[in-house]
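There are 2 protein chains.
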Amino acid sequence: MIIGGIEAGGTKFVCGIGNEKGEITNRISIPTTNPTETMDQVKHFFRGTPLDAIGVGSFGPIDLNRNSGTYGYIKNSPKVEWKDFDFAGAISSIWNVPIGFDTDVNAAALAESIWGAAEGLSSCLYITIGTGIGAGMIVQGSMLSGISHPEMGHIRVRRHPKDHYEGCCPYHHDCLEGLAAGPALEERWGKKGVALKGVDQVWELEAYYLSEALVNFILTLSPMKIVLGGGVMKQHQLFPLIQKMVQYKLNGYLSFNELSQENIAQYIVPPGLGDDAGLKGALALAMRAYQSKL
Amino acid sequence: MIIGGIEAGGTKFVCGIGNEKGEITNRISIPTTNPTETMDQVKHFFRGTPLDAIGVGSFGPIDLNRNSGTYGYIKNSPKVEWKDFDFAGAISSIWNVPIGFDTDVNAAALAESIWGAAEGLSSCLYITIGTGIGAGMIVQGSMLSGISHPEMGHIRVRRHPKDHYEGCCPYHHDCLEGLAAGPALEERWGKKGVALKGVDQVWELEAYYLSEALVNFILTLSPMKIVLGGGVMKQHQLFPLIQKMVQYKLNGYLSFNELSQENIAQYIVPPGLGDDAGLKGALALAMRAYQSKL
Ligand SMILES: Nc1ncnc2c1ncn2[C@@H]1O[C@H](COP(=O)(O)OP(=O)(O)O)[C@@H](O)[C@H]1O
Ligand SMILES: Nc1ncnc2c1ncn2[C@@H]1O[C@H](COP(=O)(O)OP(=O)(O)O)[C@@H](O)[C@H]1O
Ligand SMILES: [Zn+2]
Ligand SMILES: [Zn+2]
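If you read the sequences in order, they're chains A and B. Here the numbering used here is used: the first residue of the first sequence is 1, the next is one more, and so on. Here the numbering used here is used: the first residue of the second sequence is 1001, the next is one more, and so on.
Read the hints as simulated data drawn from the structure, not as lab findings. C-beta atoms are modelled at their ideal positions from N, C-alpha and C, and glycine is treated no differently. Careful: at least some of the hints might be erroneous.
[Unchecked claim] The calculated lysine-lysine pairs, modelled on DSBU-like cross-linking and capped at a C-alpha distance of 30 angstroms, are:
1) B:1249 to B:1197
2) A:244 to B:1083
3) B:1079 to A:249
4) B:1083 to B:1012
[To be verified] Label-pair distances were calculated between CB atoms; the ranges are:
5) A:75 to B:1160: 30 to 36 angstroms
6) B:1163 to A:198: 36 to 42 angstroms
7) A:171 to B:1041: 49 to 55 angstroms
8) B:1158 to A:251: 15 to 21 angstroms
9) B:1262 to A:49: 46 to 52 angstroms
10) A:92 to B:1090: 50 to 56 angstroms
11) A:265 to B:1025: 51 to 57 angstroms
Turn these sequences into a full structure, and let the hints guide you.
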């Protein structure tokens, strides 16, 4: 089987050709400019490859309601040229094969649950902490959705009493994303995250906010595994800090083995697929679409 | 079809006999004492009725992991005599029929999504605000579960800057339940909730905390309907306050029709099944168990 995957991000599109095992044989990275130009390059990359299915993990928000007239569209995105772009429509006008279409983070969550850190588990929460904060959730093997896909990056968290940074979310100021995504780190401390590596208080505070969010996600979703990816999580010293704070804040209320002293380091983990979670997720979406057409 | 339902609460067990339409023909309320005594009365109520299936919506926490050695047990409950009680086992030793077993709030969420306020929707969040705060979530027609059932009552919320009540959760002090369940109201204001009816600031503060939680649940779960039940929600003046605060806090970030000025009063609603949501939920669990055995 030959399948195509597109990890459609706000900065770059990563396209890959792979198989049903999630193995990638060929890939390309394309800068995200405007839909016409970017899609032309995508088309060019796949030209001549006889795809059996194609999957897209897209930046959002996107419309995933199949009963909606704008299913598959990018919605009120800050990226003006992409707002109201009929992404799924554009794909299906090029390829007459099964198409998987979901958010980038749902795709990554799916890939992690099939081939990655949550392999074999029916439930997995994937969170990226990068330019924004986004999350995808696999429940009983499928992407969690209701009215639409989750928007967990914008949950309200308790302010740290010593943190007076106002937050940078244009909608909520100090939601999780406004306080803990890469740009918030940079604005609060005056340097990019990567340049703050040795400054302990930066990562203590970052772990404080991320653990506030994780505690709420654990209580709400009861995920079997939590995978934290994205640029900010390259600071691996965050993992033990977050694990400790999650335990401290839950204070023994949940008696699951996964949360025990012994096991928590295997519960809150980096992506098993590393930087390929998104692209492999797009392949996984394609596989799902193919199987559902059988 | 004749089905049995047990709404097993910490104060009382409500047992009912009904049919596949959720119609209840006969019911009884039994005080919750100890397992032997209470289960004897349950058995006595159903004696002579040829049940096709039985469902139990239980107070928790309960073990819902089918691979666990203690599946169907009540876990570290504050009700000492019920801790480690093999509830599902006790039921199956009495009735040799399909058994549905889940939390009381998952049961209520299921009933609301089949016969109640979320009829016809594949997604529904049911929250009870009573002696405690608990929530059940239907996703794509099934009960959300991962490691276990959710424990949403214990999420962390932002303190209201003018509220200095320390909270009464034995694990977390000022989690949602510790700040906003019935006992917190009573301890903070020195009177039972029902006696505070006319005091506006009580319900403003209550709506503040409930809206903090709902915003996070909406962003995390994207439910198609939110049903709020339990004793505290008998104060119906809470609904418009909560609806307004949820909109205010989301600040237009989510552009769903459900959240619009026009529609929000149909989005955050009281139980369509009134006080029968729990018992009908137990019937619905029985139906599910019956169908899955066909
Ligand atoms: N090694 C690092 N340490 C800390 N922060 C980083 C690191 N690498 C990238 N970041 C931050 O992460 C953000 C970019 O996230 P990334 O996941 O790489 O991309 P995006 O979210 O745009 O897809 C930027 O704010 C950047 O400063
Ligand atoms: N009409 C009311 N107004 C405000 N609070 C109420 C009302 N009725 C009950 N409560 C409060 O709700 C709690 C009981 O919740 P309820 O849902 O009836 O039972 P339980 O949660 O124990 O199953 C108590 O704390 C009680 O004070
Ligand atoms: Zn925000
Ligand atoms: Zn608590």
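So does residue 92 (chain A) sit 50 to 56 angstroms from residue 1090 (chain B), Cβ to Cβ? 54 angstroms, holds
Between residue 1083 (chain B) and residue 1012 (chain B), does the CA-CA distance stay at or below 30 angstroms? With a Cα-Cα distance of about 16 angstroms, the restraint between residue 1083 (chain B) and residue 1012 (chain B) holds, given a limit of 30 angstroms.
Is residue 1249 (chain B) within 30 angstroms of residue 1197 (chain B), Cα to Cα? 25 angstroms, holds
Do residue 1262 (chain B) and residue 49 (chain A) keep their Cβ atoms within the hinted range of 46 to 52 angstroms? For residue 49 (chain A) against residue 1262 (chain B), whose Cβ atoms are near 48 angstroms apart, the range 46 to 52 angstroms holds.
Quick one, are residue 1079 (chain B) and residue 249 (chain A) close enough, alpha carbons at most 30 angstroms? 24 angstroms, holds
Range hint 30 to 36 angstroms: satisfied by the CB atoms of residue 75 (chain A) and residue 1160 (chain B)? Roughly 32 angstroms apart at Cβ, these two residues keep to the hinted range, so it holds.
Please test the hint of 51 to 57 angstroms on the beta carbon pair from residue 265 (chain A) and residue 1025 (chain B). Hint holds: Cβ distance 54 angstroms, inside 51 to 57 angstroms.
36 to 42 angstroms was suggested as the range; check whether the CB atoms of residue 1163 (chain B) and residue 198 (chain A) agree with it. Since residue 1163 (chain B) and residue 198 (chain A) have Cβ atoms about 39 angstroms apart, the given range 36 to 42 angstroms holds.
49 to 55 angstroms as the expected CB spacing between residue 1041 (chain B) and residue 171 (chain A), which holds or is violated: Once the Cβ atoms are compared, 53 angstroms apart, the range 49 to 55 angstroms for residue 1041 (chain B) and residue 171 (chain A) holds.
Should the hint that residue 1158 (chain B) and residue 251 (chain A) are 15 to 21 angstroms apart at their CB atoms be regarded as holding? 19 angstroms, holds
Next pair to validate is residue 244 (chain A) with residue 1083 (chain B); report whether the Cα-Cα distance is within 30 angstroms. 28 angstroms, holds
Comparing the model with each numbered hint stated earlier shows that all of them hold.
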